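Q: Please construct the entire structure, taking both the sequences and the accompanying hints into account.
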Amino acid sequence: MSAIRIPVKGSEEVVEVPISEIAELDPNDVIDILQAEVASLDLWLRFAIEYYKQGRSDAFQALLEPLVELHNQPSQLVGTPNVLHEQFGNDKTVKQQFLEILNALAAFHAANGSRTRDKAARKAEFDQAKKYYDSAETVDVLSSSNFVGQAMLLVAQGESARAQKMIESVSDLSRDYVPALLAKACAKFNAGEVKEALRLYRDVFQINPSPPPCVRLGLAYCFAKLGQTQLARKALLRTLQLQEDCVEAMCGLAVLHLNEDRVDEAMELLKRAYELEPDNPSVLSQLASHYFFTQQYDKAHKLANRAFLNSGSPTVRSEACYTIGRCFHAKSDYASALQWYSQATKESPGNISAQFGLGQMYLASDDTPKAVECFETVLKKDPESIDALKALGSLYCLMEDRDVALQRLTKAAEIKPDDVDVWLELAKVQEGQPGALPKALTAYETAASLLKRSKHTIPAELWSNIGALRHHLGKLESAEKAYNYALRVSEKAGFKDAFEPNNITTTFNLALLHEQKGELSIAESRYKGILERHPNYVDCFLRLSSCAAVRGSISEATSWLRRGIDIDGTNADLWTALGNLFMREREYHQAHTCFDRVMSGDSQDKDKKRDVYAITQLATQQLKLSANEKVPEKKERNLDKAAEMYRSVLVHEPNNLFAANGIGVVCVMKGRFHEAREIFTQVREAGCDSVCVMLNLAQLHALQGEKSVAVPLYQKVQKRLHSRSFEVQLLEARAHFEDGKLADCRRAIQKAIHMRPTSMAAWHSLALAYERSVRPSPNKNRSVAAVEQATADLKFARRLCEAISATYSQSTDAAPKRTDAIAIEKLSKARIQETKERCEALVAPLEKELVEARERGEREASMLREAEEKEAALRKEREAKEAEERETRRLADETAARMIREQKERLAEKLGRWEEEEKAKAEADEAKQRDKKRKKSQHHDSDDSDEEGTTNDGAIGRPREEEAAAEDDLFGSDDSDADAAPNKGAAAGEEDSPFGSGVSDTERDRAPKKSKIISKQVDDEDELLDLDDTADAAASSSAATAPNPTKRRKVLVDDDDDDDDDDGKESTVVPGNDIGDEGATAVLDGNSGSQDMEIDAPEAGETQTMGAESTEMDMGASTVPTEGTSEAAAQSS
Amino acid sequence: MYAAGARVAAAHAEGIWCVSWASSRTIVTGSCDETLKTFALMPESKLLQQRELLGHSLGVVSVATAADGRRACSSSLDSHIRLWDVETGESTRVIDAGPVEAWTVAISPDGRLIASGSHDGNVNLWSAETGEKLHALAAGGKFVMSVGFSPDGARLACGASDGGVSVFDVPTHKPLAKLRAGSTNVRTCAFAADSTTLLTGSDDAHVSLHDVGAGATIASLEGHASWVLGVACAPDDSHFVSCSSDHSVKVWDMAQRACVQTFAEAHADQAWAVAFDPQGGRFCSVGDDKAICVYDAVGSS
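So the sequences go chain by chain: A and B.
Under UniProt numbering, the letters of the first sequence match residues 1 to 1133, in that order.
Under UniProt numbering, the letters of the second sequence match residues 1 to 301, in that order.
It should be emphasised that the hints constitute simulated quantities derived from the structure, not laboratory data.
These numbers come from a predicted model, not from an experiment.
Backbone N, C-alpha and C fix where the C-beta goes; we use that ideal spot for every residue, glycine too.
Don't take each hint at face value.
Straight-line distance between alpha carbons at most 25 angstroms, and here's what the computed BS3-like set of lysine-lysine pairs gives [as the list claims (entries may be wrong)]:
id, chain 1, residue 1, chain 2, residue 2
1, A, 641, A, 630
2, B, 142, A, 829
3, B, 133, A, 795
4, A, 481, A, 496
5, A, 455, A, 481
6, A, 416, A, 481
Listed next, with one range per pair, are the computed distances between beta-carbon atoms [to be verified]:
id, chain 1, residue 1, chain 2, residue 2, range
7, B, 298, A, 484, 21 to 29 angstroms
8, B, 48, A, 454, 51 to 59 angstroms
9, A, 455, B, 48, 48 to 56 angstroms
Which residues of chain B face chain A? A partial, calculated answer using Cβ under 10 angstroms [unchecked claim]:
id, residue
10, 58
11, 59
12, 79
13, 205
14, 237
A: Structural data, given as C-alpha cells:
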C-alpha cells in the first residue's frame, strides 16, 4: 500500500496521500484535511501510525492527542456522551476506532518509557501509557487490545508475573489474537519458560505466516536460549533480510558469532548496530565485553557503563555491571570489582558469572564465609560448575570442613576427571584428612599423569608432594624416585644445586628418607649440607641428633641439640628433643629443666601444642620419679602431680590421647583399675591404636587376670612394633605364666632370650618357668617318664640358677652403675637365690614323687603282669576246654558215625531180613498162587490158549502180576541204593532236622536212631553256649590286656592322694606372679605387692616412655613431610 | 641380581632361627619349635622336607655344617650341642656345655672341631670326635653372640655383645686380631671365601667388612633399619647378603661396598639368618615368620 486515500466528503473522489511523502507533510495540514473531509477515526490513526513509523512521533502525538481531548469534552448534545462522538458519530465502529487510538497512544508511551533511561521520565511515560489504557478500559472493558497493551506495559516494567496473568485473561477472550500471543510469548520468555514461548511464537506463524520481523527475533531468542544455535542464526538472518536495520537481530547474531569465536564478523555487526543505535544497551554490553576480552579495559568500562545507564532490563544491566567488575578485577582493583559484582548480582541474582566473581573478590578480601555463600549460590544455579566446585573445595578445606570440601571436589573430579587442578585440590584436602593419605597420593599421581599426558612438565613441587606422601606411606623406594624427579625438574628450571632454597624441602625429605632407610651417613651428610647453606634450618639439628641417638652416641646427640639451641635458643622442638634425650637417659631432673624451658619459652612462635607436649612429658617424668620413689608419701605426691598435669593438658586439649593414657597409668598405679580400663579403652576407641595404649591395656588385662585378652593384645603390640620388643615378649610370657599355660610361657621366654641372650633376667624367667612346671601338682599324678622329665628340667633350672648367679656376681663387679642391663632389669642376687632355693626345695618332693611314681609304675606293671597272667591262664583254660570239646565232638561224631553204621547195618540186615521174609512170603504167595493157578488151570486147562484176549479173569489176573512186578522193582532199586541210604540219613541227622524228621517219618519205629540225633543236637547247643562263653571271655580278656590306663591309674591315684596333697599345698602357697617381677612392666605390679612395687614401677614408666617417644617420633616425622607439602602447595597455588 | 625362588611358608611350627646350606641340595634349619629339619632343593625350585632332627629340648639357636655337607652341629637354649648326620637325621653326639654356655656354634670345615660362644666371653673348642672340651679362647669377657670358622679352617672369628670382634688362629689358639663393629651385639659373623675378609652384622643396623690379615675394619655399611641378624658371603666373594629384624634381606656388592638389591618384605617378621649355596648361584633366608625363602641368581650377578 503506497498511499492513504481519504474519501472526499459528499463525492466519490478521494485524496491520495502517498505514504512515502507523509513524513514531509505538516500534521496540521493533515488534520485540516481530515477534519474537512470528516474522515473516519481509523484514517486518523493510520496517518498517525505512518508518521510514527517514519520517525515523526511529534506528528503522531499531534494527530491523536486532540482526539482524546475531544473525547474528554462532555457533549452538549443529548444522546452523545462527548464531543468526539458528536463529531464522528456514536456508533460502535467509532467507539472501536477510538479505542485503538487510545491503545496506540498508550503503546507509544509505553515504548517511550521502556526506551528511556531516565527514571523519572520513564515513570512519567509509563504513567501516561497507563492513563491511556485506563481510559481505554472505561470505553470498553473487554477489549483484547487494551489488555494486551496493558500487559506489554507490565512486561516493560519488568512485572512478568502480572503481565502474564493479564495476558492469560486476554487469550481466554480471543485465542487467535496475534498481539496477545506475542505478548504472552514475550512474557513467557522473560519468565524463563522458553519452550512455551517458542510454541507461542510458532502459533503466531501459523495464524499469520508473514508477521512483523520482530516475531522472528523472538523465535531466534528462544532458539538461542534452548541452545539450538543453527535455528537461532537462521531466524536472525531472516529477520535482518526483512529488516536490514534491526539492531536486535544484529546484536543477537553478533553474540552467536562471538560464541563461535568469529570475532571479526561479530564486531562488524556490532559496529553497524552501534552506528544505528548508539544507545542500545545490548550492543553496548556486547561491545564492552569484547573490549574486555581484548584487554582494553577503559573502553570496556565506558561502554559497559553506558549500557548500564541505558538499559532497563535487569539482565543487561547486570551484565554491564559484571563487565565493569571484571575490568576492575583485571586491574586488581578488588574493592571496586567487589562493588560492581555485587551490583551485578543485585540487578540480576541469576547472573552466575557475577556471583562467581563476587565470590572471588570475597576470597581476595579474606571473607571466606561470604565467598562460600557466593560459590554455593553459583552451585545452586549450576550444580555442575567446575570452578565453583573447585573454589568451594579449597574454601571448605580452609575452613577445616574437609568432609564437605571432599564432597565438592569429588563431584568436580567426577564431572571433569581430566582437570589437573581438581585433582591437586582433592589431594590437598585428603592430605589433611586422617587415613586419606593413600587417596591423596592417588590424586597427586592422577594430576601428574594428566600433566604428563598433556605433555606438560610436572612441576617440582608436585613431585616433591608425591614423594612426601609416598614417604609417609612407607613406600620409600618410589618416594626416593619422586624426590629425585623433583630435584631434576628443578635443576632443569635452573636451580642446579640441591641446597637451593626452593629445593631445600625436597632435599631435607630425601635426607629423612635415607635416615629411615638406615642410611644414616648419607642422611647426615645431607643434613649437614643444608645446615651449611641454611644454618637456621633447625630441623636438621633435630635430625642429626636423632641420627646420633640411633647410633647410640648420646653425647653427640646432645651436642647437636645444643648447637641448635645456640642458634635458636627458644626453639621448643629443640628443647623438647633435649628433654626427651634426658628422659631416655633417666636424668629426670635435667629433663624437667628442658621441658620447663619449653613452657616458659618466650619465643614468638609459641605454640600451644608444644606446651602441651612439654607438660605431658613433665607429667610422665613425675610418673617415673614416683616409680623410682621409695617413700610412699612422696610417691603418692609424684603421682598426684602427674595426674594434675595430665588433667591440665586435657583442659586445653580434651582429645589429647597421651594425657588420657597418662591418667590411665596414674589410675593403675593408684589401684583404680576400673577407671584405668575405661580410660584406656576409650583412648583406643578414639582411634589412637598406639602401641603404648595397647600395651597398657594389655597390662591391665593381665593384671586383672584376663590373660586370654592380654595375650592377643601383647601379640598385637609385637606386630605393630617394627622390630619385636624384648620387654613385650617377656610380658607375654608372664601373662602365660600367670595363666598357667607353661608351654606357651616357655616358648615366649625362649623368644625373649633369643632376642637378648645377655639378659640374665630372661634366663632367670626360664628357670622360674621350669620351676613352676616341674612342681608336683596335687591333683594329677604324673607318669614316671613325666617325673623323670621334670627332674631333668629341675636339674636344668638349678644349673641355670647357678650359672646366672655366677655371671651376675661377675658382671655386677664390673658393672657401671646406671646403664647396666641387669640393673635395669631389676634382677637381684636375692631373687636368683630365692629361685635357686625354690628349685632346691623341689628336689626332694620330686625325688619322692619319682619314687612314688616308680612304685606306682611298678604296681601298675605288676598289675598289668597279673592281668596278663590271668588272661594267659584263662586263655589256656579255654584252649584246654576247646581241645576237650573238640575231642568230645570227635568222639560224638565217631559214635554217631558208628551208630549210624550200626544202624545201617542193622537196617541193611533188617532189610535183608525183610526182603528175605518178603521173598519168602512172595515165594509163599507165589506158591499159593501157583497152587491156585494150578487149581484153576486144573479147572480150565483147555481154555488156556484163548484166555488172553477174551476173559475177565485173564485181565484181572494180569494186573496182579504187574503189581507184584512193580513191588519187585521197588525193592530191587532199594537194594541198589542200600549203601547210600544210611549215609544220607546220618548226614541229614547231622545237618538238620527236616531230613531227620523225614528219616524219622520213614522210620518211625526206629527210636534209638532218633533219640541219638536229638542228643546230638543238644550237644551242638552246648557247644554254642560254650562258644558264647569264650567270646565273652575273649572280650573280657581283651579288656584286661588293654585297659584304659588313665582310668586305672586314676583309681590308683586316689589311694595315695593324701601324701601328694600335702606337698601340693605347700607349693601353692608360693606367690604366683614371680616371673614378671623382672619383666619389664610395672603397670601391673603397681599394686600387686608392696615389695614388687619398687621393682616394677619403673617399668610402667618404661612403657610410658615408649609411648611418649613414639609420639615424639610421630610428630617429628609428620611435621617434615607436611611442611614440605604445604610449602609446595603454597608455591603451586 | 636375585629373584625370589622356592619358598616354604610354614616350614616349622615356630619361628626359624638358623639355617645352614649343607650341600648344594640340602638346607638345614633350626627353629624355636625345638627341632631341626632338612630340606632338599628339588628341580623346578621346590623345597621338600626330608628329615626332622629331634633331640633338643628347647629352641635351636644355631646350626652349622661341615664342608662334607654331611656333618652338622647345632646349639640350643637347652645348653646342649648336638652333632647330627644330615643324611640319616640321627643325632651322633650330644655335648652338655652347661647352661648359658653355648649360645651359637660353628663347625670347622673338616668337621673335627666345634666352636661355641659362651656367656663368660670365651669361645670353647670341642672335639667333634670325642665331645671333649679342648680349649677355651678368651675373647674379651663379653657374651659371645656369634662364631665362625674361615673356609680354610685356619681362623676362627667371634662377635661379642659389646661390639668387639676377635679373630683366632685355630692351630695355635693365638689371637690374630681384635676389631670393633659398633658398640652393640654382634649377632652374626661370617668369613668370605678368601678366609681373610670377615663380615659382621650388629644391632646398630650396620654390616661391617673387616680385613683380618691387616687387622682393620674396611667398611661399615648402612642400609638396614634395625638389627642385622645374619650375613653370608657368596662363594665367589663378589657379593654378600644380609638379613635384619626389619624383615628385609639385602644383597651387597663386595667391590662397590654398596647395597645393590633389597627384598624389603622378604619375611613377615624378623629375618634371622641367611645362607649361601656352597656352589653359589642362590641363597636362602629364614625368619620368625616360619618361612624359608630361596633366592635364585638371575642374569649376571
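Q: Taking the hints in turn, state whether each one holds.
A: Going down the list of hints, with the structure as the test:
no.: 1; hint: A/641 with A/630; result: holds, 16 angstroms
no.: 2; hint: B/142 with A/829; result: holds, 20 angstroms
no.: 3; hint: B/133 with A/795; result: holds, 21 angstroms
no.: 4; hint: A/481 with A/496; result: holds, 18 angstroms
no.: 5; hint: A/455 with A/481; result: holds, 20 angstroms
no.: 6; hint: A/416 with A/481; result: violated, 29 angstroms
no.: 7; hint: B/298 with A/484: 21 to 29 angstroms; result: holds, 25 angstroms
no.: 8; hint: B/48 with A/454: 51 to 59 angstroms; result: holds, 55 angstroms
no.: 9; hint: A/455 with B/48: 48 to 56 angstroms; result: holds, 55 angstroms
no.: 10; hint: 58; result: holds, 6 angstroms
no.: 11; hint: 59; result: holds, 4 angstroms
no.: 12; hint: 79; result: holds, 7 angstroms
no.: 13; hint: 205; result: holds, 5 angstroms
no.: 14; hint: 237; result: violated, 24 angstroms
In the structure shown, a violation is registered for the earlier hints numbered 6, 14, in ascending order.
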